[in-house]
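Trainee: Residues 504 to 991, numbered by this note's numbering, are exactly what the sequence shown covers, in order.
Quick caveat, the hints were computed from the structure, so don't treat them as lab data. This structure is a prediction, so every number in the text was calculated from the model and none was measured. It is possible that some hints are incorrect.
[What the hints assert, rightly or not] Lysine-lysine pairs mimicking PhoX-like chemistry, simulated, CA-CA at most 25 Å apart:
hint, residue 1, residue 2
1, 835, 548
2, 562, 548
3, 562, 835
4, 935, 947
5, 947, 548
6, 841, 562
[Unchecked claim] Pairwise CB distance ranges (calculated):
hint, residue 1, residue 2, range
7, 637, 596, 15 to 21 Å
8, 754, 605, 30 to 36 Å
9, 946, 772, 33 to 39 Å
10, 562, 889, 24 to 30 Å
11, 650, 534, 31 to 37 Å
12, 638, 841, 26 to 32 Å
13, 534, 648, 21 to 27 Å
The beta-carbon is built from N, C-alpha and C at its ideal position, and this holds for glycine as well.
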Amino acid sequence: MRKKCFRRALTGMMAAAFMLFPTITAQASMPYDTYSYNYWGEEVKEPHSYLYSRTIAEKELGSRLSYPQDMFVGNGCLYIADTGNSRVLVTDMEGDIRFEITGLSSPQGIFATEDGHIYVADTGNSRVAEFDEEGRFLREIGRPETTLIADSQEYSPTRVVVDNAGRIYVIAYGINMGLVEFDSSGAFQGFMGATEVSVSTFEYIWKNYFSSEAQQERMETIVPTEYSNIFVDRDNFIYATINNLSNEDRESGADAIRRLNPTGTDVLRRLGNYPIIGDLETVTYGWDWSSFVDVAATDYGCYFILDQTDGKIFAYDNDGVSLFVFGHSGIKDGNFQKPVAIGLNEDESRVYVLDNLLNSILVFDITEYGRNLLDAIRLNSIGDSDGATLKWQAVLSRNSNSELAYVGLGKAYLTEGSYREAMECFELGNSKKYYTKAFSYYRKEMMERYLTKAVGILAVLLIVVWLVRKALRVRKWVGEVRCYMENH
């Protein structure tokens with residue numbers, strides 16, 4: 504069963520063989536490894552999907568950043584919230600400054616719409632400020648007018664995004680009721696996507712049946728956690744990260760990444776073999792948990808999460824399956840010290856990471872392997888099974904152990920109706936879910952194909968049996984008549 508899928512997958516393998524040595528050299532020269540997780544949750548090294556290429560710092564910018572907190576990539580520009588200098592820098596994709604916005608107070612969040620309007624979480628001024636594409640001030644959106652926030656409570660916006668309908672979503676320090684939502688005119692609409700409080704069964708029983716009044720009052724202080732960063736995709740869904748979960752939260756299954764629909768419901772698909780928590784070895788060896796501080800998504804459902812604990816980037820597909828992990832904390836060129844924001848350019852050929860201790864932006868360029876991988880997923884998502892098959896075969900020619908590629912091939916075969924081939928690939932990719940799906944389609948196809956023939960054959964057999972029995976009865980009757988005639 505495996506031979507057919509292997510034979511298809513090995514197309515182009517010989518052509519890639521001569522590239523093996525340069526690949527090993529490139530791997531060795533990088534200040535980090537690239538790996539993914541297999542079915543059993545084990546790290547498996549693989550070819551680099553992105554290679555560190557350069558750093559955009561004071562020399563390139565012509566001006567030194569100071570403790571920058573956020574960055575947005577779009578419209579052919581880099582938008583940087585230069586918090587320590589109380590300004591926003593707008594540069595081209597190479598870091599050459601186009602203009603800057605001043606008159607701010609410790610801005611911590613930045614976003615730009617497709618028409619170039621810039622929204623700044625002007626933290627020190629307790630507002631969101633909007634500017635046009637050339638940095639001219641347009642308006643400000645201040646403190647929400649609601650009784651749900653006490654007058655004595657500080658309001659300090661730290662992150663902001665705007666969806667295609669003009670709705671404005673804000674993370675504000677100290678606000679744990681979810682994202683603050685404004686309409687396009689700046690009117691407060693309410694809170695959206697509040698995180699759930701995680702309380703164990705033991706805590707619930709203790710609080711309600713055994714604890715004193717004083718202990719109950721202290722336990723009332725258990726409140727929802729706040730989001731650390733947000734990203735809005737083209738479908739107006741908001742990816743939100745949480746980086747201040749307790750160990751108890753994580754061990755009880757709390758989510759560090761969500762995808763919120765416009766009603767605030769988490770619709771992130773979690774169909775992988777393990778939870779979306781970053782490093783899996785954290786659980787196994789008791790290391791520090793991955794701390795998700797930012798996220799960026801593609802138009803076809805893949806998303807890249809930035810981990811501040813160990814300076815890594817975790818990429819997942821639309822099902823929550825690990826694509827690859829790369830990056831590391833350290834002092835070498837290409838390592839992070841305190842990454843705070845991540846962005847992708849339009850075709851995902853570059854990843855930009857803002858580091859607020861290095862006061863710089865690290866740039867990573869996609870490799871041929873990474874391009875084939877992402878293109879295969881994109882083509883799968885739009886139903887181009889032929890194109891996806893070629894890309895997955897190219898991935899397997901460089902990484903024959905890629906379970907992801909086998910599952911991707913299986914999805915391509917599933918789309919084109921080649922259910923038996925899909926089953927073979929899903930088996931190689933250890934995907935029980937998709938194998939079961941392909942098997943159900945294959946069984947239905949077999950039944951439709953052979954049921955008519957089976958019914959026809961059965962009908963013929965029944966007729967033959969009936970005729971034989973009829974013939975036997977006639978023969979018996981003839982024999983009885985002959986016997987009677989002979990006796991009389």
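Trainee: Identify every previously stated hint that the structure contradicts and give their numbers, smallest first.
Mentor: Hint check: 2, 5, 8, 9, 10, 11, 13 fail, others pass.
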